[in-house]
Amino acid sequence: MEDFIDVMLRPFIACILLTGIHVYFGLYVIDRGLIFVDLAMAQIAALGSSLGVLLGFGLHSTLNYWFALGSTLIAAVFLSQINKKKNKIPTEAYIGVLYAVAAAITILILNFSPEGAEELKAKAIGHLLFVSWSEINSIFLLYISIGLIHWFLVRYSIKSQKNFPWSSKYLTFIFYATFGAVVSSSVEVGGVLLVFAILIVPSLCATLVKESFKDRLVFGWIFSVIVCSIGILCSYQQDLPTGATIVLAFGVSLVGVHAIRKFIFWQQD
Amino acid sequence: MKQYLFKTGLSVMTLVFLFQAEYAQSQALKVVTSLSSFADITQQIAGNKAEVSYIVPPKFNPHFLEAKPTHVLKLKRADLFFHTGLDLEAWVGPLLDAVGRPELRAGGDRQVDLSIGIQLKNIPDRNITRAEGDIHLFGNPHYWIHPENGRIIATTITTKLCEVLNADCDYFKENLSKFNLSVSKIESETKSKYSELLGKEFIAYHDEWVYLADFLGIKIQKFIELKPGIPPSPKSLEALVNYIKIHSVKGLIQSTFYPLEAANYLNKKTEIKVLLLCQNVAEKSECSDYQKMIAYNINQIGATL
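Sequences listed follow chains S and B, in order. Going by my numbering, the residue at position 181 of the first sequence is 181; the numbering climbs one at a time, nothing skipped. Going by my numbering, the residue at position 210 of the second sequence is 479; the numbering climbs one at a time, nothing skipped.
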């Protein structure tokens, strides 16, 4: 037990922090029907980071992080310009193209980088098991700051009688910019796949079973922490890569929630 | 009743024996090495006085490691850590951060950088950047492939084991002599058998055979990788096809963990012999220990004559 805590405490705390901010963002992402915006943002962060690697800034260095952040801010400007109501084409189509192009550029960049294929793989799976306390402190401070910005902006939106926060172009930009900042840091720690799973699966399950935003948020947080704990436990017990095991746990849990929901409806019928 | 007592007594004795065996094993020195080749050499020297394990699976590129909880646990419990040193194992730093034992870090008294005492090759004589590929700042780190370096590594390991378990030092030294003798035997036998290899030209996927090339006197000047760590382009492969034809290259050497597409392409175009050699013990079944690995690699190259 002592060994388990010793090895898995940091990944677990990192998972709780990722849960805190991503489930919140995930609810908006699902509400807006922009499911793949996270994958696109994560891929763009990976693109910026790869560019940094190519220019000689180590994968986990501060300068490399600024490359990732800068790329996501550019993407935020692009995404905030797409007006869902005025556009005939679904925003998801643009997001899909953004993802594919970003992934292709990343592959091209890493083609010129030593051991590029391995760097690409590292971006997908992150380094959750080796996450350090200083990284945990950094993401904690970042997520708290972004959480506070959102809290104030949501309050302002509600006070100014707007139906939905983040409705104007400027607020949409702030939404995507802060989202980009979160994703850049999260991908660094958890990898593209884990960040996507924590963002979408708990929010999806919460949307299936709860009605109000507050209820969905609380459900999503509890659900995500439970699934992360199961994933971490399985990773330790079976000696499997931690990030990938948690992603699998999220996949299984989504199937479970659907099955339970079907069963309950079937019982009621 | 007697039969029952006899059976119970036998069971208890078996349990006590198993418990003692388990206890004895847990009392053994726990040595963790980065590579399977170092683990094999350590096991041959330490015998039953140490419980040896390695981190990087032999069929994987040692530059990278898929992090798993056991890696952290192994090093948390390790009495000694033997690693390649230089800058081969990029994962060692983050792993040791997670382990949190300063004595296992560079300069710590529970770790040994096995590159100490090795005459390194390909040390860059100017400032280099990543744009030039995955060039190692301190020299080529694939040094354990050379039999002479194998003996140096074994001596370094023995010195450390003697320092930690002084009472068993004679036993370790005896095992070192046996190890050195067996490696020297392979060295002398193969060197005379394959003397005709001297000056013959080979190509390789990655620049990781320089020490073996030095031992056999063969030349490896061209690589499938454009630059170290950077995969080939269509043009570079075409250039290699011409090079192989013009220079009558005897064979293409690569480890099992690198992609085979480029090698197969060159084989199809030029009929060059593709030699999948072992970088580490247990990478292939023929390389089940250090001596067998050395002999296998040399014999495969020798067979191209």
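I should point out that these hints are in silico values taken from the structure, not numbers from a laboratory. Ideal Cβ placement from N, Cα and C applies to all residues, glycine included. Among the hints, a few may not be true.
Stated by the list, open to error - With a cut-off of at most 25 Å between alpha-carbon atoms, the simulated PhoX-like pairs for lysine-lysine come out as follows:
(1) S/Lys121 - B/Lys447
(2) B/Lys469 - B/Lys328
(3) B/Lys514 - B/Lys537
(4) B/Lys469 - B/Lys447
(5) B/Lys561 - B/Lys542
(6) B/Lys454 - B/Lys469
(7) B/Lys514 - S/Lys121
(8) B/Lys337 - S/Lys121
(9) B/Lys561 - B/Lys447
Stated by the list, open to error - Ranges of calculated distance between the beta carbons of each label pair, as one might list FRET restraints:
(10) B/Asp348 - S/Val218: 41 to 49 Å
(11) S/Lys121 - B/Glu458: 54 to 62 Å
(12) S/Gln237 - B/Ser453: 19 to 27 Å
Tested hints:
1. Distance hint between S/Lys121 and B/Lys447 is unfulfilled; the C-alpha atoms sit about 43 Å from each other, more than 25 Å.
2. A hinted pair counts as satisfied when its Cα atoms are at most 25 Å apart, and B/Lys469 with B/Lys328 does not qualify at roughly 28 Å.
3. Our distance criterion of 25 Å between C-alpha atoms is met by B/Lys514 and B/Lys537, whose separation comes to about 12 Å.
4. Between B/Lys469 and B/Lys447 the alpha-carbon distance is near 33 Å, which puts this suggested pair outside the 25 Å criterion.
5. Taking the CA atoms of B/Lys561 and B/Lys542, the gap is near 22 Å; set against the 25 Å cutoff, the hint holds.
6. With a CA separation close to 24 Å, the supplied pair B/Lys454 and B/Lys469 stays within the 25 Å bound.
7. Taken as a hint, the B/Lys514 and S/Lys121 pair is broken in the structure, with Cα atoms around 36 Å apart against an allowance of 25 Å.
8. Only pairs whose Cα atoms come within 25 Å are accepted, and B/Lys337 paired with S/Lys121 is accepted, the gap being roughly 15 Å.
9. The hinted pair formed by B/Lys561 and B/Lys447 meets the criterion: a straight-line CA distance of about 15 Å does not exceed 25 Å.
10. Our hint of 41 to 49 Å for B/Asp348 and S/Val218 holds, since their Cβ atoms are close to 48 Å apart.
11. Checked against the given bound of 54 to 62 Å, the beta carbons of S/Lys121 and B/Glu458, roughly 42 Å apart, lie outside it.
12. Against the hinted window of 19 to 27 Å, the Cβ-Cβ separation of S/Gln237 and B/Ser453 comes to about 46 Å, which falls outside the hint.
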